Amino acid sequence: MIKNINQISEQAFLLDFGDEITKEINQNVINVFNYIYNQIKKENYLDIKNCVPSYNKLLIQFNPSKKNKNEIFDFINKIDIIKNEVTTNDKEIEIPICYDEEFALDIRNISKKIKIDEDIIIQSHASTNFFVYMIGFMPGLPFMGDLESNLSVPRLISPRVSVPSRSVGVVEKFCVVYPNESPGGWNIIGRTPINFFFKDKNNPSLLNPGSDVKFRVISKKEFFELEKNI
Amino acid sequence: MNNSYFIVERSGIHTTFQDSGYAHLQHLGITTGGVIDNNLFKIANKLLRNDPNETIIEFAYQGPRLRLEKGNTHIVVTGDVYFIIRKKSENFIEKKGETFKTYQLNEGDIIDILATKSSVYGYFSIAGGFNIKKYNNSGSTLVRSSIGPNEGRCLQENQFIRFNFETISKNLKQLSFFSNNKDNIIRVLEGPQINYFSSETIKNFFKKNFTISNISDRMGIRLEGNKILSNNSSNIPSEGIIKGSIQIPGDGNPIVLMVDHPTIGGYPKIATVVLDDIAKLANISAGKEIFFQKVSFERAEKLCNENEQYLNKVFQSLISI
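Chains A and B are the protein sequences, given in the same order. When we follow my numbering, the leftmost residue of the first sequence carries the number 1, and every step to the right adds one. When we follow my numbering, the leftmost residue of the second sequence carries the number 231, and every step to the right adds one.
So that you can see chain A by itself, here it is in the shape it has in the complex (with noise of 0.2 Å):
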């Protein structure tokens, strides 16, 4: 449900869901995404610019030079949820990961902090049923959850320089993937092979707002494999 329609510039709305980060607002703020998103995209509805999804909160960029903020104001207050058909998000997609110490920088200080085998960790995040929450910060990025609550930690306290591109990363009961090479404070557990953003797609990132994720544990040399086909 939309708690509150907040105007926060004069191009922009800031739809609230609730105080809390869940899954079940979360699906209610793709929901809504989804349905505004459908219509901008195919007829520049209202000239609205920009929907973006985050864990409890949706942002509507609009043109402010349009005067049209009214009619943008009337037509979010009448969606309603319930109503509106849930769109089945894609399939469930899987991604294989590697959990070898080459690349699972963080698991070591991880399982010393939490008191929690390494082995239990990485099985405890490979059987996850992930789900997206958002994709933000750099192009492709996915903000997943929810893990088991015991693997909870917190940010690095100084984040790296220089995380390397496709890895794994866990803060609190969230899982990110680094589509390229950034600074980061996520504690690294693990990496991938394949790539999360194909700038040339016509949907250019691997996962959208509300898709289902599971990993795949792959063998070092299964990873190396995959990884010459990107």
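Check each hint, because a few of them may be wrong.
Straight-line distance between alpha carbons at most 25 Å, and here's what the computed DSS-like set of lysine-lysine pairs gives [unchecked claim]:
1) Lys42/A - Lys67/A
2) Lys201/A - Lys364/B
3) Lys363/B - Lys41/A
4) Lys364/B - Lys199/A
5) Lys199/A - Lys363/B
6) Lys363/B - Lys201/A
7) Lys518/B - Lys437/B
8) Lys66/A - Lys532/B
9) Lys364/B - Lys41/A
10) Lys66/A - Lys543/B
11) Lys543/B - Lys518/B
12) Lys364/B - Lys42/A
13) Lys543/B - Lys67/A
14) Lys173/A - Lys112/A
15) Lys276/B - Lys66/A
16) Lys524/B - Lys69/A
17) Lys42/A - Lys363/B
18) Lys532/B - Lys67/A
19) Lys67/A - Lys524/B
20) Lys214/A - Lys228/A
21) Lys67/A - Lys364/B
22) Lys532/B - Lys69/A
Simulated from the structure, these hints should not be mistaken for laboratory data. Because the structure is a prediction, the values reported are computed rather than measured.
Take the given structure of chain A and dock chain B to it, following the hints.
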């Protein structure tokens, strides 16, 4: 004839192709990008009778030096910029160029955009536009994401800039009216997380000045000299970002997010710079001081409208030379 091109003899500082930026992609992590100074962009294209959204070249502090290797064209430079033109037919004698005035360049001529004067950003554009590879209908380069024209990169020394040669009419234009607001007051709206800050902190935010840090760029303008600390957490659940948002990281030094802003962000935002003052702020050079002043949404929207009227007035002042 499509074989016209400039050679980049000096690339300048952060020289990129830009237009009005990207739409419908921010949910995939692709930011909006686009020109920092919308007015200078629109005026440049108007002077050249281009499409209003024709891709132009933006630079910061220093522009490029370009030699017209092949073809002829009309050019314009907009902004507070010092540049010279050396024409082959005049034995490359240095002639100071005037901004907001179109010039004809012929094969062999050189334009050297030496520096912005008191501002930061300037623009260079040609009649008919550049021959670039657009991405998702935009000619804006996102350097951090390697997206957009020029393989997602800034201009490089010795590269070619290709353009479509068009028959040149003798119709040169000049603006007779353009005023630049020179004060250092930046108007802002209340930010979405204003309640993360005590009333004392908010008072200081508006009372004391900030200094523009020299690590400012198209992604964000960093401010120093007046630490703003949140009385709550220095993190919020990440949410979508728009340009102008003033986020307050844990160290208390505000960052005003600009056109290449991250698509989502997890710092509380105390205020949002009104659209009308984005270019003004971005054009205040590093080391200078600014003040923030709070305005209402109604006022901010009115400022938007007034700017449109102002631009129309500027366009009407266009004269043939």
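Violations among the numbered hints, reported as their numbers in ascending order: 11, 21
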